[in-house]
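J.: Here are the chains, one letter per residue:
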Amino acid sequence: MAIKVLIPTPLQKFTGDRAEIECGGGSIGELIDSLEASCPGIKARLCDEAGKPRRFLNFYVNSEDIRFLDGVETPLKDGDEVSIVPAVAGG
Amino acid sequence: MTQATLAPSHSHHSHDDHQHHHHEGGHFTHLQCKECGAEYEAKAIHVCELCFGPLEVKYDYDAIRANVSREKIAAGPHSIWRYRDFLPVTSADPIDVGTGMTPLIRANRLGRRLGLKNLYIKNDAVNMPTLSFKDRVVSVALTRARELGFDTVSCASTGNLANSTAAIAAHANLDCCVFIPSDLEAGKVLGTLIYGPTVMAVKGNYDQVNRLCSEVANSHGWGFVNINLRPYYSEGSKTLGFEVAEQLGWKLPDHIVAPLASGSLFTKIYKGFQELIATGLVDAKDVRCSGAQAEGCSPIAEAFRQNRDFITPVKPSTIAKSIAIGNPADGVYAVEQAQKTNGHIETATDAEIIEAMKLLAETEGIFTETAGGTTVAVLKKLAEAGKIDPDEVTVVYITGNGLKTQEAVQSHAGEPLTIEPKLDCFEAALERSRTLDRLEWQQVLV
Numbered sequence: 273m274a275i276k277v278l279i280p281t282p283l284q285k286f287t288g289d290r291a292e293i294e295c296g297g298g299s300i301g302e303l304i305d306s307l308e309a310s311c312p313g314i315k316a317r318l319c320d321e322a323g324k325p326r327r328f329l330n331f332y333v334n335s336e337d338i339r340f341l342d343g344v345e346t347p348l349k350d351g352d353e354v355s356i357v358p359a360v361a362g363g
Numbered sequence: 016m017t018q019a020t021l022a023p024s025h026s027h028h029s030h031d032d033h034q035h036h037h038h039e040g041g042h043f044t045h046l047q048c049k050e051c052g053a054e055y056e057a058k059a060i061h062v063c064e065l066c067f068g069p070l071e072v073k074y075d076y077d078a079i080r081a082n083v084s085r086e087k088i089a090a091g092p093h094s095i096w097r098y099r100d101f102l103p104v105t106s107a108d109p110i111d112v113g114t115g116m117t118p119l120i121r122a123n124r125l126g127r128r129l130g131l132k133n134l135y136i137k138n139d140a141v142n143m144p145t146l147s148f149k150d151r152v153v154s155v156a157l158t159r160a161r162e163l164g165f166d167t168v169s170c171a172s173t174g175n176l177a178n179s180t181a182a183i184a185a186h187a188n189l190d191c192c193v194f195i196p197s198d199l200e201a202g203k204v205l206g207t208l209i210y211g212p213t214v215m216a217v218k219g220n221y222d223q224v225n226r227l228c229s230e231v232a233n234s235h236g237w238g239f240v241n242i243n244l245r246p247y248y249s250e251g252s253k254t255l256g257f258e259v260a261e262q263l264g265w266k267l268p269d270h271i272v273a274p275l276a277s278g279s280l281f282t283k284i285y286k287g288f289q290e291l292i293a294t295g296l297v298d299a300k301d302v303r304c305s306g307a308q309a310e311g312c313s314p315i316a317e318a319f320r321q322n323r324d325f326i327t328p329v330k331p332s333t334i335a336k337s338i339a340i341g342n343p344a345d346g347v348y349a350v351e352q353a354q355k356t357n358g359h360i361e362t363a364t365d366a367e368i369i370e371a372m373k374l375l376a377e378t379e380g381i382f383t384e385t386a387g388g389t390t391v392a393v394l395k396k397l398a399e400a401g402k403i404d405p406d407e408v409t410v411v412y413i414t415g416n417g418l419k420t421q422e423a424v425q426s427h428a429g430e431p432l433t434i435e436p437k438l439d440c441f442e443a444a445l446e447r448s449r450t451l452d453r454l455e456w457q458q459v460l461v
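So the protein lines, in turn, are chains A and B. Just so you know, we're using my numbering here: the first sequence kicks off at 273 and counts up by one. Just so you know, we're using my numbering here: the second sequence kicks off at 16 and counts up by one.
Next comes chain A alone, as it looks inside the complex (with noise of 0.2 angstroms):
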């Protein structure tokens, strides 16, 4: 199963410099563990020590955010799209 994760520059020397990655999970949370399998210590930037995401970090499928659908939980099929950015917001 591929799905497309989208790595915010902070995060890509975790990723030998690349902005899209192809990763696996059934979900949000399995997805984070599978690019610690790939990336190791990336999941210690994604996720605080309590092992939920950051309060900054917003997790986006298909460009929405994850705190509107089941959080960690929330599911991922074969060709969907995992971006990864950070807060920032004043318009």
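Hints were generated in silico from the structure; no laboratory data involved. Note that this is a predicted model, so its numbers are computed, not measured. It is possible that some hints are incorrect.
[What the hints assert, rightly or not] Below, in silico cross-link-like pairs of lysine-lysine (DSSO-like), each with a Cα-Cα straight-line distance of 30 angstroms or less:
1) Lys49(B) - Lys315(A)
2) Lys218(B) - Lys276(A)
3) Lys330(B) - Lys276(A)
[As the list claims (entries may be wrong)] Here are some, though not all, of the chain A residues that point toward chain B, as calculated from beta-carbon distances under 8 angstroms:
4) Arg326
5) Asn334
6) Ser335
7) Arg339
8) Ser355
9) Val357
10) Ala359
Positions of the beta carbon are idealized from the N, C-alpha and C atoms, including for glycine.
Model the placement of chain B on the given structure of chain A, informed by the hints.
T.: Okay, now just chain B, sitting in the frame of chain A:
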């Protein structure tokens, strides 16, 4: 700088000596993560690489204190640049388009309506050049963008920021590409296009525009004022705190009421007050900070109500588009600040926003946009609920101009009396309007 020893070591820190040196021409020293305290060079970066917390500009306040005085500030330019010692730029010639030093007016009539004896309005509806507070942040951001070597500047905007970025980029001869949601008010779109930038109208809400821009910022090497330049940009809002203190005769107010979109403006006004205290320009004082959101987009108010330390994003649905940010980056800090200062965060419905726009116009002669309507509506609620002491020196921040959001009040402001160019027609029409006024008042009285 006790934090420095606690901060995790960091890849940006190839030398130890660069961290806290002064940038020539400025008193800022470095960027620091508001969450974990990690320190970074003052480059075009906005989030912590370790924890993704927002980065904030740090200064050498001893150096500022040694360099500023009330007299020096008063003798400076009639713009935000009179406070340049507190701003993160190094240029000898910052981009000065006359931004800032907007009126602080004593609002007696509005105050009487609301039962407040010491009410003031900081009127950024007439901030130059594009009639919103955004000119403050953009003047700082584009000055810093030029220093950092950018030749193209950009932003994700709900309208006001696009107006400002496009206008000031034109003045500064910078290329400009702005991103806006495609459903913005016509005035805000035209008020951007006229300056000749590339305008991307994105089919989505502001949060979707923002997300797209974060991805573009990763790949295009542009200076996004509210993304990779955000630490510098947001500092411009401190001038709304500085000016109010100076205009009150170098005194801090007792209570401020300001709109909340991302929460940045709110926190920076407070930072401005704290910096004036730290540098001895004003006496220390506790300032209560209250914030206003539209009910149709109130994630910060909701977090405040529930006493949470995180923000649950929402999908905005309100006429107050300029503050309709469903995923506010500084929301948690705004909540903290309201709690810490014994302030409040309240919401206003669209109907209350329109009523408040009319109230402000009819009592003080200020035509604000929907964000200002939101702020005045919340001021009214807080006053009516006894949450503002009638004697408190209260400053309400009006941050944008009503001519940009005419759609919001188009059918709520009445119609002109159309008459023939004849005296008797005028007299008849005047008589009729007076009768209508009387009827209206009778309705109000019963």
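J.: Confirm or reject each hint.
T.: Structure-based check of each hint:
no., hint, result
1, Lys49(B) - Lys315(A), "holds (21 angstroms)"
2, Lys218(B) - Lys276(A), "holds (23 angstroms)"
3, Lys330(B) - Lys276(A), "holds (25 angstroms)"
4, Arg326, "holds (5 angstroms)"
5, Asn334, "violated (12 angstroms)"
6, Ser335, "holds (7 angstroms)"
7, Arg339, "holds (6 angstroms)"
8, Ser355, "holds (7 angstroms)"
9, Val357, "holds (5 angstroms)"
10, Ala359, "holds (4 angstroms)"
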